[in-house]
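Starting from the given sequences, assemble the full structure and let the hints guide the process.
One-letter residues, chain by chain:
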Amino acid sequence: MPRAEIERLREEKLLGDLVPWSYERSGLIRETWDAAGVKPDDIQTMDDYHEKVPFIDKDAIRSYRDRHGDPYGGLLCLDPADPSMKGIFSAIFSTSGTTGDPTPAPYAGRGPSMLVREFWELGARPGDHFLHCLFTFRGPGIHDTIRGIGATPVFVDHQPGDVEQLFRFSTELRPTGWYTLSGPLIMMIEEAAARLGVDLQDVCSSYKGVIFAGEPLGPRARQRVEEWGLELFIQTSLGDVGAATECREHDGCHMWEDCAYIETLDPEGAKPVADGERGELVSTTLVDKIAPLLRYRSDDLVRVSREECGCGRTHGRVWPVGRKGDELLVDGVSVLPGDVWGAVESIDETNGLFQMIRPAREVDALRLRVGYATEGPGGLPALRARIEDAVEEAVGVRPEIELVERDVLLRQGPPHKIPRVTKA
Amino acid sequence: MTFAKEFEPMPAVWGVGRVMVAGEVVPWPVSEADIVDETDIAEQHYRALGLADDDLVLVVALLSQAIHAVPLEAGAGRVGALYSSADATRFDAFRTASLIRQLQAKVVIGVDAEVVTGLDDLERDLSDVFGSVAAVVAADATAFARLTDAGLPTGRWLRLGPTSAVSVPGEDALAYDATRWQVDEDGGALVLTNLAERFTPCDRFHTGVRGSVPEPGKLLLS
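In the order they appear, the protein sequences are chains A and B. So for the first sequence, this note's numbering puts the first residue at 755; every next one is plus one. So for the second sequence, this note's numbering puts the first residue at 34; every next one is plus one.
FYI, nobody ran anything at the bench for these hints, they're computed from the structure. Just so it is clear, CB atoms sit at the ideal spot from N, CA and C, and this is done for glycine as well. Among these hints, one or two may not hold up.
Unchecked claim - To give a feel for the contact side, a few chain A residues facing chain B, derived at Cβ under 7 Å:
(1) Ala835
(2) Pro880
(3) Thr906
(4) Trp982
(5) Ser1059
(6) Cys1063
Dropping the structure here:
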């Protein structure tokens, strides 16, 4: 799709439909716009949109929820009790809840999502089996999407206890696609394979592509998985209005700009940053009329390019950098979890499991809580020293390391990720 | 590389799920028609549990239980209710507690020993978590005992081969759909035969469940 067509489509969907729809029906949007003195009629062009439409963020949603006793945070545009909604508005899913109470997310209807593009790109085709390895709380969308490309879902839990069945179904049914793989699951697979004497190259031999999601992928984990023969396609969240996934060029995650409008802004202000520069991802849905997000400040720091990709797609690409709220300033040095990830992961005993302790943005010392599976040669003092050395080399700051048994950290997160930043 | 057209014809097999027989996994492919059929059955169970228009049921299950859980999800819409989902794991127990509170669930189905243990980890009192729920349906004997001991209106959900049987609070017998399934007793164990057409047929399939059949449509666990 030519860029001009993408932009025309965006303007048509947003200005002609979603702006008036959302203002009329979403309590949060109306409240926020009224406070800013903005009405839908004021938004006639994209320039108006950029200049006048106020931002919303997770705090605004939570605040609305608490003030109004509305579990949907004022975003819901449809009334489930409306008789005309019967059969359309069917379910309420929820966010992962990594950082607090899971946020309910209303869902209407059934059917394939835009992830059909990603699943097709993996190489899965009609008649294939496709490994559906996830949770229940994200709803039926993935299942319907697998079927939408004509493939048959094979259900496996994203849990340590189901890894043996993952091996079994992979070898018996030989699926070609896999959604999703995560850091913790890589660890579980590796350990189960060693314990059971399973040949992971054989287990993984039928897969043409696997989507990795949940949290960043460290270089060591990537190397391990590639040794199994898997081609990984990284997926990242697109400001809660969708997901962006790598293509076979593996050069950034494609954001579908016919589904979402993405701005990258100065993290401390409202000015746009140039493509290629680090900015905060601000998202606007172009397709969700149930609980639409308009100018949602995601807290995610990203780089974006809208240059044509080597795969031929004209939709932009995004590279996640970290989260604005995760940044630590240690004696003036900026440190994000991604900056220490590779260093911690390079120490075998850790499997890359760590948390940054962030009681405030500015701190005197970089404190890391690191999980370990084994103590390694020299015991815990030697392990601590090796981690300190590796992190210091990576970020130029010598950290204080608190070592905990690995399960202490794994218990803190959903199966596919753990909170990488914690207050204490 | 081209995109899929929107969309490819749906495959004949809706999905490959599984049934558990004495702790062993048996892969179980089902068709769309099977899911619709089981949704009809779920609707009957919900009506018995009192789920109605504008209510919400929280389905606590695992993705590997999809061939049983998806009919429970779809069945909610049949009675005009919404559904939400939480994983039946120790870790995800916090979600069960949170969604009951936030969404004011009328019925919760699928609470198992893992979820109860997870709530214990969180030092949550079962009567607090489930106190507002009209019926909580346990997925195993351990959870059933804990919930009952907490004074909660507790029923049972049994995954019986590829179908489900459910009891309402206060009743010992679990109901199954005798027009679609024949359940027989064989040496104290339940065997299952499909009466309606199924993608993967059952012919006196040994479910691994011990129990008896006092009358067609009702079974008792032993």
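Verify the interface restraint on A:Pro880: the C-beta must sit less than 7 Å from at least one C-beta of chain B.
At 5 Å from the nearest chain B Cβ, A:Pro880 passes the 7 Å test, so the hint holds.
Let me know if the C-beta of A:Cys1063 comes in closer than 7 Å to any C-beta of chain B, holds or violated.
Interface hint status for A:Cys1063: violated (11 Å vs cutoff 7 Å).
Would the stated hint for A:Trp982 survive a check requiring a Cβ distance to chain B of less than 7 Å?
Constraint on A:Trp982 not satisfied, violated at 22 Å.
Against chain B, with CB atoms and a cut of 7 Å, does the hint on A:Ser1059 hold up?
violated (20 Å)
Using 7 Å as the Cβ threshold, decide whether A:Thr906 counts as touching chain B.
holds (5 Å)
A:Ala835 as an interface hint toward chain B, with CB separation required under 7 Å
holds (5 Å)
Consistency with the previously given hints fails for numbers 4, 5 and 6, ordered from lowest to highest.
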